[in-house]
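Note that my numbering numbers the sequence shown so that position 473 is 473, with each residue one more than the last.
Check before you lean on any hint, since a few could be wrong.
As the list claims (entries may be wrong) - What follows is a set of in silico ranges between Cβ atoms, one per label pair, in the way DEER data are often shown:
{"#": "1", "residue 1": "Glu346", "residue 2": "His324", "range": "32 to 40 Å"}
{"#": "2", "residue 1": "Glu314", "residue 2": "Val173", "range": "49 to 57 Å"}
{"#": "3", "residue 1": "Gln37", "residue 2": "Glu138", "range": "19 to 27 Å"}
{"#": "4", "residue 1": "Ala47", "residue 2": "Arg316", "range": "33 to 41 Å"}
{"#": "5", "residue 1": "Arg42", "residue 2": "Asn151", "range": "40 to 48 Å"}
{"#": "6", "residue 1": "Leu96", "residue 2": "Gln311", "range": "38 to 46 Å"}
{"#": "7", "residue 1": "Asn299", "residue 2": "Arg154", "range": "42 to 50 Å"}
{"#": "8", "residue 1": "Glu180", "residue 2": "Glu303", "range": "30 to 38 Å"}
{"#": "9", "residue 1": "Lys177", "residue 2": "Arg42", "range": "31 to 39 Å"}
{"#": "10", "residue 1": "Arg336", "residue 2": "Gly358", "range": "52 to 60 Å"}
Simulated from the structure, these hints should not be mistaken for lab results. In this text the structure is predicted, and so the values were computed from the model without any measurement. Cβ coordinates follow ideal geometry from the N, Cα and C atoms, glycine included.
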Amino acid sequence: MGNKMNTKFFVPLATLILLTEILVVPELLIGDEADEQRVAQRQDEEARRDEINAKRKEIIRKVYQLKRELKELEEAGNEDAARRVAREIEEYTHVLEELAEARDQDGQDGQDDDGEHREREEEQHEEEHRQEVSEIDEIRHEIGQLERRYNELREAGNEDGAREVVQKIEELVHILKEHEEHEEHEEHEEHEEHQRDLREHREEDHREVSGTERAERELHGLRQRYEDLIAAGKEDAARQIGQRIRRVEIYLEQQEREHNERREHNDGNQIEREIIELKHKYDDLIADGQEEEARKVANHIEELVHHYREQQEEHRHAENDHEHDERAHHEAFERRMHEMASKLEELHEVREKILRDGNEDELREIEAHIEDLANHMRQMEEEFHNEQEQQHEHDGHPSREQIEHVVKAVEHLHAAGLHEYAEALERELNERIHKDHEHHGHDDHEDGDHHEHDNDRHHEHDNDRHHEHDNDRHHEHDNDRHHE
Numbered sequence: 001m002g003n004k005m006n007t008k009f010f011v012p013l014a015t016l017i018l019l020t021e022i023l024v025v026p027e028l029l030i031g032d033e034a035d036e037q038r039v040a041q042r043q044d045e046e047a048r049r050d051e052i053n054a055k056r057k058e059i060i061r062k063v064y065q066l067k068r069e070l071k072e073l074e075e076a077g078n079e080d081a082a083r084r085v086a087r088e089i090e091e092y093t094h095v096l097e098e099l100a101e102a103r104d105q106d107g108q109d110g111q112d113d114d115g116e117h118r119e120r121e122e123e124q125h126e127e128e129h130r131q132e133v134s135e136i137d138e139i140r141h142e143i144g145q146l147e148r149r150y151n152e153l154r155e156a157g158n159e160d161g162a163r164e165v166v167q168k169i170e171e172l173v174h175i176l177k178e179h180e181e182h183e184e185h186e187e188h189e190e191h192e193e194h195q196r197d198l199r200e201h202r203e204e205d206h207r208e209v210s211g212t213e214r215a216e217r218e219l220h221g222l223r224q225r226y227e228d229l230i231a232a233g234k235e236d237a238a239r240q241i242g243q244r245i246r247r248v249e250i251y252l253e254q255q256e257r258e259h260n261e262r263r264e265h266n267d268g269n270q271i272e273r274e275i276i277e278l279k280h281k282y283d284d285l286i287a288d289g290q291e292e293e294a295r296k297v298a299n300h301i302e303e304l305v306h307h308y309r310e311q312q313e314e315h316r317h318a319e320n321d322h323e324h325d326e327r328a329h330h331e332a333f334e335r336r337m338h339e340m341a342s343k344l345e346e347l348h349e350v351r352e353k354i355l356r357d358g359n360e361d362e363l364r365e366i367e368a369h370i371e372d373l374a375n376h377m378r379q380m381e382e383e384f385h386n387e388q389e390q391q392h393e394h395d396g397h398p399s400r401e402q403i404e405h406v407v408k409a410v411e412h413l414h415a416a417g418l419h420e421y422a423e424a425l426e427r428e429l430n431e432r433i434h435k436d437h438e439h440h441g442h443d444d445h446e447d448g449d450h451h452e453h454d455n456d457r458h459h460e461h462d463n464d465r466h467h468e469h470d471n472d473r474h475h476e477h478d479n480d481r482h483h484e
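All chains, please: the whole structure from these sequences, using the hints.
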């Protein structure tokens with residue numbers, strides 16, 4: 001007997017050590033102080049729920065006693081006393097409903113975070129299930145004791161005592177039946193909720209697939225059109241189609257990322273549900289003394305936990321890969337812009353030499369070349385900004401990186417002597433920042449400081465370039481007069 005008790009104690013303890021790590025998510029660990037407050041709050045709520053459950057159990061037994069008394073009074077024809085007892089039963093029933101509401105609502109106030117709120121609800125539901133299982137076990141144990149007491153009284157010839165024991169057994173059986181019906185009802189509701197979630201996910205997947213298919217068809221058509229325009233030598237129209245192609249590609253990439261995140265989230269929820277169900281099964285097996293089966297369930301739980309952690313790790317790797325790709329895209333854009341800016345400076349030097357030589361045909365040719373290259377740089381800049389806007393729609397304003405890119409492009413254009421293009425790009429950025437400030441009401445002071453600093457750089461740079469531009473114009477004018 002002693003060995004059996006030790007084994008029963010060892011299995012729950014060993015498995016408890018395993019289960020305490022099951023749903024520990026690193027993102028929820030927000031510091032020792034917060035953890036202590038959360039633990040203290042949880043202990044207070046558990047103490048209140050225990051107190052409420054104890055009161056409910058006591059009142060339920062009182063109600064069944066009153067119902068038995070009411071039945072006897074009605075059979076005896078004592079209507080006044082029966083009405084008094086019926087009112088008392090009604091009052092107790094109302095108290096039971098209030099206690100049930102208090103238990104259900106306890107711990108839900110003040111929860112702002114949906115994830116934490118959902119976790120608290122699951123923990124509360126799990127705790128209530130454990131308490132209900134414990135109550136059912138107590139009732140069954142008490143019924144067993146009463147049955148033994150009934151047999152002893154019958155053997156001793158105490159019929160009155162035996163009848164009282166039978167009445168108590170009937171009360172407990174009725175309570176047990178109510179518990180079982182309540183549990184079946186909860187299981188049915190959980191099943192219905194799970195089916196609703198599955199239907200919603202299927203509908204969402206169908207909508208996503210439809211949108212993705214349309215985008216893929218559009219992308220195929222745009223690529224074909226782009227090739228046709230390039231073959232026909234229509235580079236300007238091809239560049240515009242290229243912008244649309246990039247926008248559709250970004251949309252498809254976003255759809256794929258969102259789909260993967262949603263699938264991982266759903267898989268994680270499914271694993272958590274399985275773990276919780278297996279924990280209940282494990283508790284039931286331990287209560288029934290089926291230690292071997294309980295160990296198998298514990299091993300299955302451990303496998304699920306390992307799989308869950310692997311999924312989390314894969315998700316983190318995917319996020320890191322996406323950030324790496326974005327950085328690589330930024331760096332490639334910077335390199336390309338730097339190469340084109342260097343080319344512009346070379347062309348500008350050639351233009352100065354041609355200007356001094358006075359060859360008008362070559363001058364027109366080099367200026368057209370410079371203008372084409374500047375237009376191409378501006379086009380690339382716009383395409384890059386469109387990509388950034390689509391990838392960071394939730395930001396709602398130009399990022400600091402975007403502003404720095406524009407500042408560099410402006411400097412390159414000024415250095416190449418293309419002041420009109422530089423000023424147009426500056427005006428465009430200033431308008432975007434101004435609209436953003438009007439829209440957001442200067443909520444983020446730090447970002448506002450960055451924007452103000454960048455605007456100051458624009459204006460200072462603009463003034464310097466205006467003077468330089470005027471000098472260039474005077475210099476060109478003097479050269480023209482000299483050649484004449």
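A quick look at each hint next to the structure:
1. With their beta carbons about 33 Å apart, Glu346 and His324 fall inside the hinted range of 32 to 40 Å.
2. Taking 49 to 57 Å as the suggested C-beta distance range, the pair Glu314 and Val173 conforms, at roughly 52 Å.
3. For the pair Gln37 and Glu138, the beta carbons lie near 33 Å from each other, so the given range of 19 to 27 Å is not met.
4. Range check, Ala47 to Arg316: Cβ separation about 38 Å, and the 33 to 41 Å hint holds.
5. Roughly 45 Å separates the CB atoms of Arg42 and Asn151, a value that falls within the hinted 40 to 48 Å.
6. Hint check: Leu96 to Gln311, Cβ distance near 43 Å, so the stated range 38 to 46 Å holds.
7. Roughly 47 Å separates the CB atoms of Asn299 and Arg154, a value that falls within the hinted 42 to 50 Å.
8. Restraint check, Glu180 to Glu303: a C-beta distance of roughly 31 Å satisfies the suggested window 30 to 38 Å.
9. The given range of 31 to 39 Å is respected by Lys177 and Arg42, whose C-beta atoms sit roughly 32 Å from each other.
10. With their beta carbons about 35 Å apart, Arg336 and Gly358 fall outside the hinted range of 52 to 60 Å.
Violated hints for the displayed structure, listed by number in ascending order: 3, 10.
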